[in-house]
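Protein sequence lines correspond, in order, to chains A and B.
Mapping the first sequence onto the UniProt record's numbering, position 53 (from 1) lands on 53, and the numbers just tick up by one.
Mapping the second sequence onto the UniProt record's numbering, position 118 (from 1) lands on 118, and the numbers just tick up by one.
Just so you know, these hints were derived from the structure itself, not from any lab.
Computed from a predicted model, the values in this text were never measured in an experiment.
Note that the Cβ used here is the ideal one computed from N, Cα and C, for glycine as well.
Keep in mind that the hints are not guaranteed to be accurate.
Okay, derived cross-link-like pairs now, DSS-like style, lysine-lysine, Cα gap no bigger than 30 Å in a straight line [unchecked claim]:
no., chain 1, residue 1, chain 2, residue 2
1, B, 244, A, 220
2, B, 148, A, 56
3, A, 187, B, 205
4, A, 331, A, 308
5, B, 148, A, 53
6, A, 56, B, 205
7, A, 205, B, 53
8, A, 128, B, 220
9, B, 120, B, 163
10, B, 112, B, 96
11, A, 120, A, 161
12, B, 220, A, 311
13, A, 128, A, 244
14, A, 331, A, 164
15, B, 244, A, 148
16, B, 56, A, 205
17, B, 112, B, 164
18, B, 205, B, 220
19, B, 161, B, 148
20, B, 220, A, 220
21, B, 220, A, 187
Listed next, with one range per pair, are the computed distances between beta-carbon atoms [unchecked claim]:
no., chain 1, residue 1, chain 2, residue 2, range
22, B, 296, A, 127, 51 to 61 Å
23, A, 101, B, 320, 33 to 43 Å
24, A, 148, B, 294, 47 to 57 Å
25, B, 208, A, 222, 27 to 37 Å
26, A, 315, B, 332, 50 to 60 Å
27, A, 168, B, 302, 52 to 62 Å
28, A, 315, B, 320, 52 to 62 Å
29, B, 302, A, 158, 51 to 61 Å
30, B, 228, A, 132, 33 to 43 Å
Protein chains: 2
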Amino acid sequence: MAAARNILKFSRNAAFGVATFMLLAASAFAQTDPLPSWNDTAAKSSIVAFVEKVTKQNTTDFVPESDRIAVFDNDGTLWSEQPMYVQLAFALDRVKTMAPEHPEWKDTQPFKAVLEGDLKTLAAAGEKGLMEILMTTHSGMSSDEFLKITTDWIASARDPKFKKPYTELVYQPMIEVMQYLRNNGFKTFIVSGGGVEFMRPWTEKVYGIPPEQVIGSSIKTQFEMVGDVPTLRRLPEVNFIDDKAGKPVGINEKIGRRPIAAFGNSDGDLEMLQWTTMGGTTPRFGLIVHHTDAEREYAYDRETQFGKLDKALDAAPINGWTVVDMKADWKQIFPDK
Amino acid sequence: MAAARNILKFSRNAAFGVATFMLLAASAFAQTDPLPSWNDTAAKSSIVAFVEKVTKQNTTDFVPESDRIAVFDNDGTLWSEQPMYVQLAFALDRVKTMAPEHPEWKDTQPFKAVLEGDLKTLAAAGEKGLMEILMTTHSGMSSDEFLKITTDWIASARDPKFKKPYTELVYQPMIEVMQYLRNNGFKTFIVSGGGVEFMRPWTEKVYGIPPEQVIGSSIKTQFEMVGDVPTLRRLPEVNFIDDKAGKPVGINEKIGRRPIAAFGNSDGDLEMLQWTTMGGTTPRFGLIVHHTDAEREYAYDRETQFGKLDKALDAAPINGWTVVDMKADWKQIFPDK
Numbered sequence: 001m002a003a004a005r006n007i008l009k010f011s012r013n014a015a016f017g018v019a020t021f022m023l024l025a026a027s028a029f030a031q032t033d034p035l036p037s038w039n040d041t042a043a044k045s046s047i048v049a050f051v052e053k054v055t056k057q058n059t060t061d062f063v064p065e066s067d068r069i070a071v072f073d074n075d076g077t078l079w080s081e082q083p084m085y086v087q088l089a090f091a092l093d094r095v096k097t098m099a100p101e102h103p104e105w106k107d108t109q110p111f112k113a114v115l116e117g118d119l120k121t122l123a124a125a126g127e128k129g130l131m132e133i134l135m136t137t138h139s140g141m142s143s144d145e146f147l148k149i150t151t152d153w154i155a156s157a158r159d160p161k162f163k164k165p166y167t168e169l170v171y172q173p174m175i176e177v178m179q180y181l182r183n184n185g186f187k188t189f190i191v192s193g194g195g196v197e198f199m200r201p202w203t204e205k206v207y208g209i210p211p212e213q214v215i216g217s218s219i220k221t222q223f224e225m226v227g228d229v230p231t232l233r234r235l236p237e238v239n240f241i242d243d244k245a246g247k248p249v250g251i252n253e254k255i256g257r258r259p260i261a262a263f264g265n266s267d268g269d270l271e272m273l274q275w276t277t278m279g280g281t282t283p284r285f286g287l288i289v290h291h292t293d294a295e296r297e298y299a300y301d302r303e304t305q306f307g308k309l310d311k312a313l314d315a316a317p318i319n320g321w322t323v324v325d326m327k328a329d330w331k332q333i334f335p336d337k
Numbered sequence: 001m002a003a004a005r006n007i008l009k010f011s012r013n014a015a016f017g018v019a020t021f022m023l024l025a026a027s028a029f030a031q032t033d034p035l036p037s038w039n040d041t042a043a044k045s046s047i048v049a050f051v052e053k054v055t056k057q058n059t060t061d062f063v064p065e066s067d068r069i070a071v072f073d074n075d076g077t078l079w080s081e082q083p084m085y086v087q088l089a090f091a092l093d094r095v096k097t098m099a100p101e102h103p104e105w106k107d108t109q110p111f112k113a114v115l116e117g118d119l120k121t122l123a124a125a126g127e128k129g130l131m132e133i134l135m136t137t138h139s140g141m142s143s144d145e146f147l148k149i150t151t152d153w154i155a156s157a158r159d160p161k162f163k164k165p166y167t168e169l170v171y172q173p174m175i176e177v178m179q180y181l182r183n184n185g186f187k188t189f190i191v192s193g194g195g196v197e198f199m200r201p202w203t204e205k206v207y208g209i210p211p212e213q214v215i216g217s218s219i220k221t222q223f224e225m226v227g228d229v230p231t232l233r234r235l236p237e238v239n240f241i242d243d244k245a246g247k248p249v250g251i252n253e254k255i256g257r258r259p260i261a262a263f264g265n266s267d268g269d270l271e272m273l274q275w276t277t278m279g280g281t282t283p284r285f286g287l288i289v290h291h292t293d294a295e296r297e298y299a300y301d302r303e304t305q306f307g308k309l310d311k312a313l314d315a316a317p318i319n320g321w322t323v324v325d326m327k328a329d330w331k332q333i334f335p336d337k
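Turn these sequences into a full structure, and let the hints steer you where they fit.
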């Protein structure tokens, strides 16, 4: 009997201990700030309020996990896009690397301009010239070879302003948002105008987003058996441009359900924001990263070559989209190390 | 002290109880057949052997979870494709539904043949005629409207032979394979020649595969704001044919990593099987469902209009792909209810 009582007592104590521990843990969890790189301003509150709203069971705003799809632009939303898109820096480097095999480029535009570092002439070559450079540097090899080329480049290239690998110039506050969403049952996708095979080699490591959740622009590929080796050859032909009105198209084709949250930074994201936030029956969230911090990063919007933010900035207040003022809303821009 | 000893004794007993329970549970788990609808033949053994090999840690064959990608054809691999592809049955039904708005179809081929049930004339109209029927029935509406049309149809249509909803004519043994793979850390994808927006409304419920893991053929869509409503309009133009050499292309564009297991049933799956199984450094698995059961389903291979299996059947023994003899290897074809 004494033993039985003791066991009972032990059980009660154990139960009490477990309950206390759980309460403490829950309290500690609640008190851990999921967005520590964000200042306590309206932008941060809007994110937290949205997440709390759609995850609160037995309310009309509740969204089941399967529908918690969040889409993120990449250039200018998750990493820096100045002084030029990283992928363009890659293409220009590739021209230089490939030049010894192309002596004719010394006298052929737009390659001559690239080799001479003459960005003014390059800019004058316009979209046609740019496309020629992209196709020349991004096609003609197999997908496996391109994977190796991009992986090697992203590991060795350095940003001209910060002298750091590009993968360290990602926005810490946005990484926290992605993690926060995933912790709350969201599935996070990248939906970028950038090349899908340029991003996939590093998005999992840097953002926690696996290859199959990366949507981007692509060139055509062709399957062929090279002897016994199945090969995908990259052709110098555009397959899909995942920008502007192409973003909802890409989302629909590759995700197949409407996101409930979208994050962008430029007019290239306008249609994605519209598609995500307008006309749904459950709560929706739209956010625009406004580059306002010339000191810690860059300040630009309506007048810039890369990442122009004009129409989408005007559309934001009308549609209730959060506009992040980088300077005021972000404690920290890049990760610590 | 007595209390302390009793507590100690209780703890030991509790620990023993938990350990016993876990051992029993593990044993029960090990003894539960993950593929109960498969006979104990070589086909089943090959699946189990592959899964056990790639999931065994600290071996050279071990594949980390992130690389455990498995791809499944749909028509003839996961559900019946005779007497015609289900999506074609849908298109023919749509022609009949739409006919009152198109009085001219009474005298216009290939629509006349459809309305008169004249499948011979329809077949004679060839691929061009078929494409005309597909485009007419699959475009001209918004993606949201098409979702409703397909959802309604799949809920009400019945297969002509078995008099059942098509979603009940799925292969129970393959559903078990998909679940078995997922239980072992695989991510399962559908890679089908069928229309992606025709499959997505029901694949999650029927196969446990969410929309974003369904890859298929598609028509072009166009984003437009209709007043305040963002809309994707389906255009009468092919975007992508996810069949034959298109399958590795679709896999690369949409998944972005090479699968380690592929399941198909026809020559349309040959290139997907090659891309998956040839040239990798880790173990790979290929499987072909061979329709050999005229009594319980259908028997066909080299001579058939839908799902021709000829080159891939010859390639199977050379490449070590498992060929499932439906009649001999499957205890059961369709789910019980």
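Item to check | Hint check, failures only | outcome: The structure breaks none of the hints.
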